[in-house]
Amino acid sequence: MMKNNVEVKNISFSYGKTEILKDLSLDIREGEFMVLLGPSGCGKTTLLNCIAGLLDLTDGQIWIEDDNVTWKEPKDRHIGMVFQSYALYPSMTVEKNLSFGLRMMNTPKNIINKKIKKASNLLQINELLKRKPSQLSGGQRQRVAIGRALVRDAKVFLFDEPLSNLDAKLRAELRYEIKKLHRDLSNTMIYVTHDQIEAMTLADRISVMKDGLIQQLDTPKQIYNKPANLFVAGFIGSPSMNFLNAKFDKTNQNLIVGKQHINIANYENINNLIDGQEVVFGIRPENIKIDKNENTIQCNVELVEPMGADTLVWTSIEGTPISIRLEGSSNYNLNDEINISFDINKSSIFDNKSEERI
Amino acid sequence: MSVIPSGPRPKHLTIGRIGMYCFILVCAIFFLMPLYVMVITSLKDMDEIRAANILNLPKELSFYSWPKAWSQACTGFVCEGLKPGFFNSIKITVPSVIVSVGLSAINGYALAFWRFKGAYFFFGLCMFGAFIPYQVMVYPLLKIEDALGIYSTLPGIILVHTIFGMPILTLIFRNFYASLPIDLFKAARIDGGNFVKIFFYVIIPMSTPITIVAVILQVTGIWNDFLLGLVFAGRDNQPMTVQLNNIVQVDYGVAEYNVDMSATILTSLVPLFVYFISGRWFVRGIAAGAIKG
Amino acid sequence: MPLFRNIASMIALLPMIVISLTVFVGCIIYSFVYSLTNSKLVPVMNYVGFDQYERLFKQRKWDVAVENIFIYGFVFTIGCLVIGFLLAVLIDQKIRGESLFRTIFLYPYAVCIAAVWQGAGFVMVLMLAGLRGIDEDIWKSLSIEGVAKWKSYLFVILPMLRPMVVTAIVLIAAGVVKVYDLILALTSGGPGYATTTPAMYVMENFFSRANLGQAFAASIIMFISVVCILAPWAFYEFYLRNKYAAN
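Heads up: the sequence lines are chains A, B and C, in that order. Going by numbering that gives the first Met the number 0, 149 is the number at position 150 of the first sequence; the sequence numbering is gapless. Going by numbering that gives the first Met the number 0, 180 is the number at position 181 of the second sequence; the sequence numbering is gapless. Going by numbering that gives the first Met the number 0, 84 is the number at position 85 of the third sequence; the sequence numbering is gapless.
Worth flagging that the hints you see were computed from the coordinates, not collected in a lab. Here the structure is a predicted model, which means the values were calculated and not measured. Treat the hints loosely; a few may be bogus.
[Claimed, not checked] Listed next, the in silico PhoX-like pairs over lysine-lysine satisfying Cα-Cα at most 20 Å (straight line):
hint: 1; chain 1: A; residue 1: 71; chain 2: B; residue 2: 196
hint: 2; chain 1: A; residue 1: 117; chain 2: A; residue 2: 178
hint: 3; chain 1: A; residue 1: 74; chain 2: B; residue 2: 142
hint: 4; chain 1: A; residue 1: 209; chain 2: A; residue 2: 21
hint: 5; chain 1: A; residue 1: 108; chain 2: B; residue 2: 196
hint: 6; chain 1: B; residue 1: 116; chain 2: A; residue 2: 16
All chains, full assembly: derive it from the sequences and hints.
Structure below.
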């Protein structure tokens with residue numbers, strides 16, 4: 000059993016009368032890459048700021064390495080933090096930016112130099128040390144910001160949407176480097192993002208948040224394949240999961256969607272379904288096949304989006320738009336008649352009322 | 000007329016643009032008129048002032064009014080000109096500007112980044128102070144300073160200028176600091192900065208534009224102050240404006256308009272100078288301080 | 000939560016807090032209390048109720064002063080705003096010699112900034128800064144939609160400059176009430192008392208007429224009128240806006 004590195008115990012945070020975090024608990028293991036994922040306003044950044052000690056909790060405790068740091072100053076928590084806006088001190092050179100924290104702690108000069116050398120080698124920013132932040136590109140700035148967190152020998156690294164201000168290509172590049180960094184340093188990292196690709200690629204575990212509550216905390220695979228509720232299912236995946244409102248018919252083990260019937264005998268938790276239960280049937284675009292099996296639904300191609308590696312075909316069932324992910328080489332045209340079937344094993348069925356996965 | 004975006008400069012002059020230039024020129028002349036009248040009047044002798052139109056250029060340049068205003072004109076019972084007032088004004092302005100700008104910068108910093116419960120209540124009270132007419136505060140403040148034993152002294156007038164400058168300066172500093180990225184402050188806290196260290200290492204190096212605005216406002220404001228100097232500075236520290244008033248408002252003898260004008264120009268030289276050397280910064284800084292009002 | 004979490008901040012703000020309480024609040028209380036007395040040369044606690052106020056309102060001179068300040072304040076505030084805004088708009092047209100004109104229009108501001116935060120120059124700087132801060136894309140879309148330029152300025156740009164306009168109005172309006180130096184320098188309140196202002200009335204009663212009670216009463220009335228001007232704005236800015244922001 001791995002040791003917990005950061006423990007968030009029943010914390011609440013209110014801003015004025017607005018409650019942003021409600022009795023939230025979260026354990027982060029040593030060396031784990033934890034991603035806090037959610038739409039804007041879900042409280043993920045607030046949670047990160049609470050862990051950093053930049054916001055004062057209304058209630059609850061925060062422990063880092065078996066030390067109650069709830070009321071400790073941010074500087075005494077042994078953390079490093081990287082911000083979306085880079086937050087480099089504009090009046091200082093890159094070198095001064097990197098060493099600022101160490102200078103504040105009166106670290107001897109030779110140690111400072113050693114640490115800066117190590118960090119700048121790791122991030123390939125040696126050439127930039129004498130420059131001011133205004134003379135750097137966005138990607139370079141973010142490297143420096145990461146470097147600034149590195150030199151502090153932090154126990155925990157906090158990332159607050161670090162890649163959001165970068166263009167797509169740079170984002171992919173730095174994502175790769177952050178992952179490599181984690182592999183090499185194996186520090187605990189907590190990473191806030193609203194970008195599910197970052198979350199999926201980087202995380203050991205993701206906690207999906209909404210309205211100040213954790214909706215699901217699990218590995219990226221589990222979250223993608225077995226989303227705990229409708230929100231998680233809809234939030235993760237691009238294009239997002241297809242949803243069909245349906246009614247369960249126990250005798251035939253069918254879901255009834257308007258005039259269509261979908262046999263779900265293969266669904267893992269079929270025994271939990273009650274006859275006549277109103278449900279939402281969720282299926283990812285890549286788990287829909289076009290073939291002529293007996294269990295198929297006939298429909299028309301309404302839109303084709305070629306995306307290179309794969310092609311997205313849009314159709315609809317009983318008026319609900321459905322996207323299907325096919326190989327890039329597949330060739331369909333507008334108004335083609337197709338028969339589609341679902342991979343029930345990989346589908347999810349949610350209760351209509353509680354929105355929980357069955 | 001076609002719609003011209005504010006971006007590229009049109010290639011040729013339209014009638015509208017000519018009209019616009021005319022309007023701006025008229026305004027400019029209107030704004031410059033007082034200065035023009037003051038300068039030419041100061042260069043005429045009294046006979047010519049009495050005889051000719053005030054807009055006419057002097058027939059014969061006479062400079063005698065300038066040295067007279069500077070070192071001979073009578074201010075009340077003494078006839079030493081504006082010179083002692085000039086040095087008094089410097090003695091008052093320099094420390095007052097330093098103290099008030101420094102204090103307000105700290106206030107703005109504390110309010111923008113280190114809010115504690117009730118801080119904004121006191122900020123509200125302080126802002127409220129900006130709108131209380133001086134006249135309500137002059138007498139009680141005089142009593143307070145009297146009780147403290149600094150009434151009619153240099154520290155007394157410095158304290159008064161600090162108090163009256165504080166609300167607006169605190170507001171512009173707070174607004175400027177609030178417009179800085181908050182992440183910068185967060186990063187500095189994680190890097191181990193405390194209240195004092197963050198202020199000196201991170202915030203002050205970024206405060207140049209707003210500090211220049213604050214200094215301009217205070218230098219011009221304090222230099223041109225008349226009322227507070229009159230009441231609080233005491234006889235020995237009377238600022239230039241008070242002496243100017245004494246020169247202009249003569250109770251006896253003949254009014255010498257050329258000396259009055261020279262004295263007025265001399266008095267306004269410092270604010271003008273400050274303004275001319277820092278005009279560009281001023282525009283930039285005011286914007287930074289006001290936008291997030 | 001620990002009681003003194005931001006102790007350094009509290010210490011730093013202590014001078015501001017002390018000054019706010021003793022000078023700003025304290026002086027008003029002091030003035031009000033002594034405005035209820037018949038103090039002459041020195042403040043004495045001789046309670047006479049609202050006599051001083053009654054006497055004040057019977058003074059012809061005070062009426063003139065109040066009238067003057069209203070006329071002056073109204074004309075001045077509107078004049079500064081309109082001329083300042085016009086100048087800013089014109090200078091924003093990317094004209095030649097912009098910095099020269101900017102300098103000229105600001106110069107009276109530099110000269111008479113003393114008594115009041117005033118002048119078209121000041122409004123112009125504020126507005127110009129605001130105009131320069133407006134997104135180029137807005138101009139592009141306005142020109143594509145073919146909106147006449149003066150309409151764009153009036154209906155689109157001016158509302159976007161709201162914070163600037165509000166700042167300007169408040170600073171000018173509050174400054175007007177304090178007008179003392181300028182009038183004193185220009186007319187000394189004369190001829191007779193035709194151009195006197197409430198501020199001069201107060202100062203006269205304090206320092207040359209030795210009529211403290213009357214001066215206190217007049218200053219309190221001045222203060223109340225400023226509050227009346229500012230209260231709606233303050234209510235809107237600090238209360239309503241926060242309420243909407245929270246939702």
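So, going through the hints one by one against the coordinates:
no. : hint             : in the structure
1   : A:71 with B:196  : holds, 18 Å
2   : A:117 with A:178 : holds, 18 Å
3   : A:74 with B:142  : violated, 47 Å
4   : A:209 with A:21  : holds, 11 Å
5   : A:108 with B:196 : holds, 19 Å
6   : B:116 with A:16  : holds, 14 Å
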